[in-house]
Every structure is written in structure tokens, then in C-alpha cells.
Amino acid sequence: MILEHKDDLKAFREAVRTWTRETAPPERAHEWQRAKGPELVEVQKWWMDERRKVGLATPHWPVEYGGAGLGLEHQIIMEDEFARGHSPGSEMFVISLNHVPATLIPHGTEAQKKTYLPAVAAGALWCQGFSEPAAGSDLAGLKTRAVLDDDHYVVNGQKIWSTNSMYASQCLLLVRTDPAVKKHQGITYLIMDMDTPGVEVRPIRKSTGGSNFGEIFLTDVRIPVANRIGEENTGWMVSQSTLASERGVLSFNYAERDMMFLVDYYAKARHERAAWLDDPELQREFMTLFGELQSLRQQIRVLLREPADAPTWSMLPSLIKVAKTTLNNRIHSFRIRAAGLSSQFIDPAWRAPMYEYLESFGMTISGGSNEIMRNLIAERGLGMPRG
Amino acid sequence: MILEHKDDLKAFREAVRTWTRETAPPERAHEWQRAKGPELVEVQKWWMDERRKVGLATPHWPVEYGGAGLGLEHQIIMEDEFARGHSPGSEMFVISLNHVPATLIPHGTEAQKKTYLPAVAAGALWCQGFSEPAAGSDLAGLKTRAVLDDDHYVVNGQKIWSTNSMYASQCLLLVRTDPAVKKHQGITYLIMDMDTPGVEVRPIRKSTGGSNFGEIFLTDVRIPVANRIGEENTGWMVSQSTLASERGVLSFNYAERDMMFLVDYYAKARHERAAWLDDPELQREFMTLFGELQSLRQQIRVLLREPADAPTWSMLPSLIKVAKTTLNNRIHSFRIRAAGLSSQFIDPAWRAPMYEYLESFGMTISGGSNEIMRNLIAERGLGMPRG
Amino acid sequence: MSAGSEMVLDEAELATLRESIADVLTSECDSRAVHAWLDRENDLGSSLWRQATDLGWLGLSLPEADGGLGLGARGLQLLNAELGAHAAPGGFIPTLCVAQWLSHVSGFDQREALLGAVVSGEAAFAVPALLEEAKPLAQSADGGTVSGSLEVLGGVPEAAGTTYVVVPVASGWAIVHVDGVAARLDPIEAWDLTRNLSRLECSNAPVVALIPDGDGKAGALLGSYVALALAADSVGAAKGIALRTIEYMKERFQFDRPIASFQALRHRAADLFIKIATQESLLEQAVQCLDNGSPDADMWARLAKAGASEAFVFVAADCIQLHGGVGHTWEYDPHIYIKRARLNEALLGSNRALREAAMGLLNQALDEGRTTTELNA
Amino acid sequence: MSAGSEMVLDEAELATLRESIADVLTSECDSRAVHAWLDRENDLGSSLWRQATDLGWLGLSLPEADGGLGLGARGLQLLNAELGAHAAPGGFIPTLCVAQWLSHVSGFDQREALLGAVVSGEAAFAVPALLEEAKPLAQSADGGTVSGSLEVLGGVPEAAGTTYVVVPVASGWAIVHVDGVAARLDPIEAWDLTRNLSRLECSNAPVVALIPDGDGKAGALLGSYVALALAADSVGAAKGIALRTIEYMKERFQFDRPIASFQALRHRAADLFIKIATQESLLEQAVQCLDNGSPDADMWARLAKAGASEAFVFVAADCIQLHGGVGHTWEYDPHIYIKRARLNEALLGSNRALREAAMGLLNQALDEGRTTTELNA
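Chains as they are written, first to last, in my numbering: chain A, 1 to 387; chain B, 1 to 387; chain C, 1 to 377; chain D, 1 to 377.
Here chain A stands alone, though its shape is the one from the complex (with noise of 0.2 Å):
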């Protein structure tokens, strides 16, 4: 009904457009907006239900597994209809739906691909163990050791910062099997069921009190060789395409919804008269921000026209990583001092400027640090040699 359009992109979007307008009607956003925790799940989990009704889950997997094979250009409409709809979010599915197959497809057995790519299209949510305490931005640093023992390996030690790591049933695991070796050889992926006995997660509080990551604790987990994808120490090598998978779309979407949230905000504030908004040092900073924020949009789409085999390596991602996660941490910074103190009381109001700046130190962090960020764009983007 909607994927019969793909060919034409203007029906597509209108499809699109239509049927989220009525499957999440906007005058219901707030529902999901203050959604948090496991109820953010649930909401996050009915509205990917919805999409896999009309072939909107998976439809940029390719048609043998079970998608409708649509390209980027069919990504980017969805997500911004999907933001201007303000529907409820999916980031997190990005590892199900994008992590599990980019790495599934080129590397997993046959086998593997018939289990876990249609129960990952049925809903299946999966975590990530990459990140450990000890290696924080030096990811190859990993220590949790797997030993082989007949046909299954061992394993013991630790995650962190495993998003949904609660919630998910399946997750894609980094081990360290042989460990005489340089770090990036040595590292073995598997797939482990979280319910196996010895997986133990607990949740991390983050500033906000809130948790949406956990720490996965391995005490002799069991996974059997047949869930190792790739060959036993290629670990790394396979990662890369776990990690290549983030393509901006999600970027894409978030920028999206920052606008028009900005946009909003200041409308509300025109309709309120804020102070604010009488203050001419104060009207000039959130000028600056609006611009900047559209300034991000704009080289969001650059990003996004960048064909993903170019030859040579884009400074690009970085200085937009560095550049919205600072923008973000700015724009609520202002929206504290513009609101003054009611900011410091707790609101449980959706994006409160307090609850959105200290989320804001989360993203400046995951994901690849702004330092290791700028350690790129140095070294790769500016030639600059290392230390």
C-alpha cells in the first residue's frame, strides 16, 4: 500500500505522510514524548509493530531477507516524515535494524541469517557489548575473555554502556580470545542470547537519574561456536561493519526534530512573551543558535549525498559529531538562562531545558568522544601527525 509507490518518490512521501499522520496522529505526541524507561520501550516497540504492518520496518533490507530493498533516498523521506508526523522515535531498533543485518550479511553463516534476520524483522531487540570500563574510547583495549571449550566458548568479564542492554534479547558481542597477540588481532563476535545463564545486566543511572544503558556483567557465559560470526580473531575486522552501518540517517532525523522543536520553542515564547525575550543579548545567542542549528541540517545532507564507498576518508561525520553534540549542549544551556531559576525546579514537561542539557553530556561522550573526534579530523582530515 505504501512500498507499492517506491518507484515514485512524491507518492512515496505522500504515503508515507498519510499513513503516519493517522496511525500516530500528532495531537497524540505527547504520549510518546514523555515517555521514559521501559514505557519508552513499549511505545518505541508498538510503533515498530505499526510500521511492520505496511513494510516499513525493514524496508531498506534487501528483498532476500525480507525487505523491500529501498534506497537511502526512501530512508531519508521516511524519517523526515516521520519527524515533521512528530511520531514516536525508533532508535532503539538502529542495532536490530541496521547493526544485526550490515554485519549478519556480509559476515554470518547462512544459518545465522535464516535465525536472527526475520526474528530481528518480527521485533527483536538486540544490544551491543563493545564498549568495557577499562577500554573506554581505546575500543580494541577489550578484555573479556572467551576460551574455547569443545564447542562452546566461555566467557567472562564485562561490558558497559550497552544501550537497551535491559530490554534486548540478543546482543552482539566482542570477546578477546587470544590475547599473546597485537589487541586488534585476537578479537573474536559473537552472538549471545542475554538470557544465558552468567549474563547479568544492570542498569546505569545516568545524571538525569534516568537509565537507558547497562552494564552486562559475564560470569562463565556459555555461547556456542556456531554463534561466532566470522572466524575465531577476525572480531575486528568484522566489527568495522557493525560500525560502518550508522549511515546519518539517524542524524538526519534528530536534527530534524531539534528545528522543529526550536522552532516551536520560540513560538511558544513569542505566545507567552517571555523575558527573554526582551533582552537583546539574549535574542542575538538564540540567533546564533537557530543558525547553526539549520547550518547542521544543511551539512547533514551533504553528509548524506556522500556516497558511503568514497575512495578517500571525510572529515565530514567527525565535525558534524563534534558540531551537534556541542550545538545541542548550547541551545539547552541558553534555554536554562533565558528560563532563569523555574529551569532548576524539576518539570516533568517533555525536553525541559535541565533534563535536555544534562542529557546533552551523553552524546558529547558516546559514540566516539569529541576528543577522539578531533584526533581524527586532525590526523586523518588536517595531516597532522600523532605525538
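Please note that the accuracy of each hint is not assured.
[What the hints assert, rightly or not] Each pair of labels, with its calculated beta carbon distance range: (1) B:179 / A:182: 22 to 32 Å; (2) B:307 / C:364: 33 to 43 Å; (3) B:307 / C:8: 20 to 30 Å; (4) B:34 / D:247: 34 to 44 Å.
[Claimed, not checked] On the chain A side, residues computed to face chain C include the following (Cβ under 10 Å): (5) 34; (6) 279; (7) 343; (8) 364; (9) 385; (10) 387.
[Claimed, not checked] To be clear about the criterion: a stretch of chain D counts as covered by chain A if any three or more of its residues have a C-beta under 8 Å from a C-beta of chain A, and this derived list gives those stretches: (11) 250 to 260; (12) 267 to 276; (13) 301 to 307; (14) 355 to 369.
What the hints contain is simulated information worked out from the structure, not anything from laboratory work. All residues carry an ideal CB built from backbone N, CA and C; glycine is no exception.
With chain A held as given, fit chains B, C and D onto it using these hints.
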């Protein structure tokens, strides 16, 4: 007449004040304020001559070398009164009056002291030949080579950033006498007459177009061994006495003058009803800068109270160095924006905003760049290990 | 109205006092204790308040005649810097500042009773959270009662005794006793869990005492004490979290090196201390002026609060980032400080308004032919 | 008033054109040539102007009907970014912007003559240096002449031909021919030696043409072109000096390592490019809006100029420091750029005023029920 009051600080201050007002009446301040280049040299020589007549040129020197043995508190009073009286500056004689005795008195021969200290007291202008183009912040990396030839060193090489070297009669010179050993060893300290054949000084043009330092080119310059300060290859050790001789008195004088200037600037703006006074953002920015400048004056007073021979390394000089130079830059940047377009027109007025702004970029580098200061603060002050 | 007080302790004695306060807080109010307090697992708020009373902290600044140690603004600075460094919970700022203020204003007869009760820990104060912008509450015809509502800093649940609120009225400042009936304090839930914010509801609440303030100078002085206390808290807290962060960076290894060894991070750490040092000295200026009874104290105190709280926000925010991934988790310290920093920034009045007020005071001084920058040399 | 124009070159062709401009400037206007120009040792100003004429740069943006290449705002951006990158001397911005503006406003009969003369290099323009704040000059009763004085950007000594000035008058904008008698341009000595600033003195100077501007939209459009050109110059120049600085840092050794290898400096270099990239995209927004004839072009152009010129100041200033000791000497490049940056910042109107104007335009759009942020996805 003034020195006779040295045991009564209040009377001493009064005497300095009266003399300053009579000798360099503030009504004539515009004469020395607009002086630049050779004209400024003349002004400062005249002023130093006047100071000499009443014993205020070298009062801080030990009595045995022709000084009056006055302490730091007297120097501070003098600098305070000179600043308040809008008198001419004396920064050209910093090396002559501070670095030379601080080096010669502990390390020089009797003959050197007898030759040079009276000459300096009589008005000789010295310069310093430490920095080199290739060495930069790595002072000890100097390459200017001195080879012993009978009773002379034959010197070849190049010095840079040598303040007032085009007007100087002598130079405190660091040379490399042993290139085979570690860089801090193998350095020798010499006194060089600037009229020795083979010495060529080229003024360096600054971004303002003016010059107050030069490059010194040394070609087969023959310097008598008798001009060596300390033993051969101990020059680095000797140079620490030179560098330690700056005790913050000059910073004190500058900060006092800067605050007087800022207060006058503000009074003038009010008098002329400057447009920026109506802009709340600029009002607040001015008050921020005003507060920080007062804070700097407080910091410098703490610095002056710190014992010179304190057992532990103090962060304070480095903190002040970065704070004062960046504040200076910010103040003039503010003045540029407050003035608008007219700040971009060449203006011969004293302390024109763009002139001072451009000059301020010299300060963030010279005397130990702010980057070196940050290294020192982190390593020595905060105990953070080198990478 | 002079706020001058003579210094009763010399520098070495002040240093000893500061150390003794720091020692108590290091032992009673370390990171673990504060975290437990946030999770409602201990009674740190009231135990600290009791201890402060026992140790005489609440009277540190008050004149000796009022049962205090006579340390004035210097005492406020010293104590609040340490409380800030340890992110200590409690209603110290409003109680200390109002008491200090009451010892310097005149024209009411409750001074002895009120100040005595503060020193003995039986009374606590609350002040308008936005003191600089506070609008007068309605008074009854005879001026004997006030009615209306107001957001206040304070309302000290940990204090066993009586709470009084300083309430702006048309003719000055009314002291109102919170009796839970005519005057009620309802706690406001705020991000910073180390401070108490409340909403005062007055309905014909009897006025215990009235501080007349025809020319606004009394209110300005109270504002100066609050400004100074917030600045001291900010400077102390900024230094506290910066030092903790540097310790963490020395222990945290990445790429087989302590992250403290990365030059880009070392330079940022240095910049934090450069900023802190600047604000520490600006605060020093305000302390000296308040203790000297300088007519410029109001200006410097406001500039100090604006600068220090902004620096605190900057420092605390960068400390989150310098911690890496754990920086924005509940279990580590930075979030405690960034929340305190943001609250300090908002309290008393916006820093924008405070700097404008400072410019007004500067203009006034210039119009009166007074220099505001005089310093001994 | 629509400024819409259709794009006549595709992306690859634009890239080729950009490269060809860059090639010419790299060969004719490298660092050595610009330094010689500052020292009055060559005639770079006029040789570059001649070359620009010969290569058709002055007509790049103009409609094909006017003898141009029809590149519109895109052409202004592309050319000025390259001129900025090389710190090229000359009066390009006023001439290019006024010509572009004249091709889009109507109501006067000199269009063909004036634009033809620009393309052929026979005419140059000057505009009020503070266009956004320019006050009308006095007009004679019949409106035929103007009198008064005004600071202008332009007055192009290197241009062989005739100079015209756009002068604000009560009813719109008068084009005045600088004849040296009734209208005179006196050069203003400025820190930035790569630009021409002049004081216009008019004494009953005849009006060559009048652009009526009852609703202020014509003036706003001229301001948008100038804003866009200044933003492009700023972004190009910021990138230019940043790249030169990084090259210098790779060659400059300290402590036996290239200074480009110090992490603290590498992170600062990265930050420069993050800032530049942001402003480049904001400029892109303005270019698209101007070329699409969007009613929001005036808003975006002003935000682009404010942001880009501030970023340029930041970048050029940090490049001085990143150069170390030589950074503030005459012989190295950074001072050329910081002076250009500071001038860009001041031109047209203060960035504070431009952002306020942008907010006014945003409010207007919202009042008209228009979104200003629409982008294709």
C-alpha cells in the same frame, strides 16, 4: 632627598609622588604616550636620567654596587606612584637594571662587575640574546656556535626576539660551546659588545608595522674569554639567575596602568555618550572585563607577597601570565567591537583599540608562550604526567 | 550602612580554621556520604547541620557581641568555599547570610533573640531565591501581617528549630516566622538535591520584626552577602570538582596511558585553574570591600557572584567531559556539581541583571567622584 | 522583489570554475605577492582587477541578459570565497554586490549602461560601509542632486574607469558618479590594506539614477548581497589562513618534533575546522535562499555574515598564536587575515545589529505564517 625617607614608607611614597609629579607632570603624559620607536627610546632614556639624579634608577641594587639597597616594597611604591602619575615607562631598562645585576652579582668576575655595573647604572642599554629562530619555546635548543680561538670565542649564529637590540650597547648572550653533550649542558654565557665587528641587527616588523625587537646576526664575532660569565658550559645554570630576576614588579606596573586606562576609557565613553553604553550585552561584557582586571591586580599583589625563595614551585606566575595576556586581548577586542567601524581606521591616538589588540598577540607568546604555561601548570602545578 | 568589621584572626589562624573545617567535611561529607544523601540513604543534611552548630560554624562570621567569632565576610567566604568544595547539603547560605545581615542592620528589637537562636542552632533563615528581583508582599493595613507567596532559598528541614523568612514588603524587609499555618513552606523539587528551595505561602502571617529600607541599601547589603556566599561556594566547588577530576584522570588509563597525560586534556585542566584563580581573586576583592565597609562592596559582590557562578558552570561542565563516559552517570561526582553550579548561577538574580546592577553602582560611584578600584600597593 | 535566478552550471562545472579562479589567484596573488602589495612594491591591486575583468569574474553572477554568466548568489559566494582565501586586494565586494543588486531591482533606466560598464571593467561601485545603519543624505528640492558625506567601502583606485557610489536618500537609493568635484572620494587609511575605504563628500552631486525604495526592500536586498559576499570572504579566508597555519605547523619543529604533532594544538586546529564548516553551511543556506528568491534570504544572509565574520576573527586570532613567535610579525600571513577579519566583522553593520534584524525578519515570517527553515530532504 627621596632616599633619605627610605625607612618611612609613607614619607618615601610621598616623596616619590611629589618628585614624579614635578619631573613628569601628568599634563605632559600625551608626549610619552604617543612616542614609538626611537622616540620612545629617547623618552625612556630621559626619564631614567631624571630618576638617576635622585637615586631612583638603581635604588634596589646592593649598596656595594652603587645602589641604595631598597627592598621590594620600595620598588612597588615607586612603580605604583609612577603608574598613578602617568609617568613614562622604563621597560626598556628591565634587562639593564634587573637581568644584568641578577646575573653579574652572583656569577660575574670582579672585573666584570666593576666594568659593567657602573655603566649600567649610568644608563647603558643592554639587550638579551637568548631566543633563536629554530629553538622557539625550546630555549635550551639554541644552536649559535662559539669556538674558542686563543683568548677569544668566535661566534656564529642568529638570535631573535631581542628586545631593543637595535639600541643596545651590550648583550647577554647564550652560545653553544659543546654540541656533543646534552642540550642543557654545553651552553656558555657571554657578554657581547654590540659594536663588535660581525654583529648585525635587523629590526623585526610587527603586525602593527612597528618594531621593538630585532634579529641579531652573528658572523665570526670575536668575544674575549674575559667576557664569559661563569665557567664554560655552565651557561644554562647562569641563565636561570637572569630569568628569575623578573619578580612581577613590571607586571604590577602594567596592571596598574591598564586599570587606570580602563577607568579613563569608561569615563570618556560616558562623557561622550558612546553608543555601546546603551547595549546591555556590551555593558555586561565591560563589567566582566573590569572585574577580571581588578582580580588580576589582586593576583599580582599575592604574587608580590610570595617569598622569592619559597620551597615549592608556585603556579601563580603561570596562572597570571595566561590570565593577564588573554584578558588584555579580550579588553581590546571588546573596544574594537564597541567602537565599530571606526576602530578599523588607522588612529594615532594613544592605545587605539586595534593597535593595542594587535600588540596583545605578542604578549601571549613572549616570556614563555601560554602553551608552555599550560604545560607548566598541568605538570608542575597539578602533577599531571607528561605524555 | 557600614558593614565594616575588624579582623580578629591573623592569616595563619585563618588557615588553621579553614583546615579544621575542611577536615570535618572530608571526614563527614565525602563523595560517598553525599551520594548516599542523594539516594536518601543517610541523614547527612541534619547531621552536618548539628555538627556545624556544635563547631560554631553558624556564628563564625557574626560579631563577638552576638556570640560569634567576628570573622565577617572573610568567615562567609572561608566556610562557604569549603562547603562548596564538598558539595555539602544544607541551608547554610540563607541562614549565614541573613544572620550576618541582621548583625549589621539596625532599627528592630529582635536582634539578640534571633542571632542567639542562630548561633545555638535553634533558628534557620530563608531568603527570596531571586532576592534582586523580589516583589513586595502585601501587608495588612497596620503592617502587622503579610500575605502572598514567594520562592525562597532555605526552609531547612534538617534544622531542628524554628525557621524564619525574610520577606520583601513595601517599607523594607519583614521577618516572618514559619508557623506552618499563617506562614507555610512547601518544598520545591529541584535538580540540585544539596539545596533546599521552597515556596512560601503567607496568609496574614504575623511580622516578627521589620527592617526598614527606605533607600534600598539594606536589601542591597543582604544581596551582597548572598552574592558573596554564592561566589565562595562556586569558587570552592569549582576547585573541588576540578581537583577530583584531575585525580580521576591520573588513575584512568586509555590507550595504555593515564588520560591525565594527554596534552589536549592537560591544557584544558590548566585552563580550569586559570579561570578559578581569576574568580578567586575577584571574590577576594568583594570580601575585602565588605569587611572594610567600602561603599563599593555591593558592586564587587555582584560581579563576584556573576563571574564565579559562570566559571563554576564552565568548570563543572568540562569536568563531566574530562571524566569520559562515567562523567554523566549518577555514581560519579560531576553531576552533583553541575546541578549546584546551575542553581548558583540562577540564584539571587540572573548574572546579566547582576552585571547591569554593578554598572549602575559604578556609575553612581563615578558621579559621586569616587574611585572603585583603589587597592593598597 | 525576487532575487531568484536559475542555475546555469551544474556542480561539476561549478567546481571547475572554482578551481580556475583558485589557480589564477594562487599564481598571481600568493602570499609573496600580497606582502609586496602591503609594502607598495607591486601593483597587485590593479593587475588583479584587470585580470578579473579579462576573465569575466566581474560578470560571473550577473544575468546572461546583462552580459554575465548568470551564477547569481552562488557566483558571489564562489568568487569571494577564493578572493578571501588569498586575501586578495581590491574593491570586488562593493562592485560585485551593487551590480548584482542593480540587475534585480527595477525602476531606473541606467541598468544597461551601468552593468555593461561593470562587466567591461569600466565602472566600479562603492557602497556605504555601514549600509544597515546608513542615514539618508540631503537631496535638492527636485531630487536631482545630493549633498553630504558618508563612509563607503570602495572607491577603487585600481579600477581604470568610473566610480559610482550608492547613496541613501529619503526616497530610496541614488547612484552618484564620482566626478572628483561635486562628488569626491577621499581614501581612509585603515588597518586592512587589502580593502579600500573612503569618505564620500557630495556637494550638489548629480544623481545618475534613483532606485526607489518605499518599503525598504531594495536596501535590504543590497544588504543581503553585501552580507553574503562578506560571509563568503570570511569563510574562504578563515579556511585559507587555517590551512596555511597547519602547513606551517607541520614544518616548524620545537623540542625535536613538528608542532603539528602536539595534541593540544591538533585539537585546536580541529576546532577551527569545526567552526569553519558550520559557517560554510550557514552561508550555503543563505546562497540557496537568495538564488531561490526566498523571502527569508534577508534573514539568512545577515545571520551568515554575523556568524562567518566572527568565526573568521576567531580563526585568524588563533592562527596567530598557533604560529608561535612569528605569528604577529609583518613578514608572516596571519596579521593580514586578522585585519581583514576585523574589518569584515565591522562592515555592513555590527553583528549584534544584524542578528537583531534577523530576529525581526523571523518574527515577520512567523506573523505571516511562514516557516523559514524549510529544506528539501
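>> I'd like to know which numbered hints this structure contradicts. Please list them from smallest to largest.
In response: 1, 5, 9
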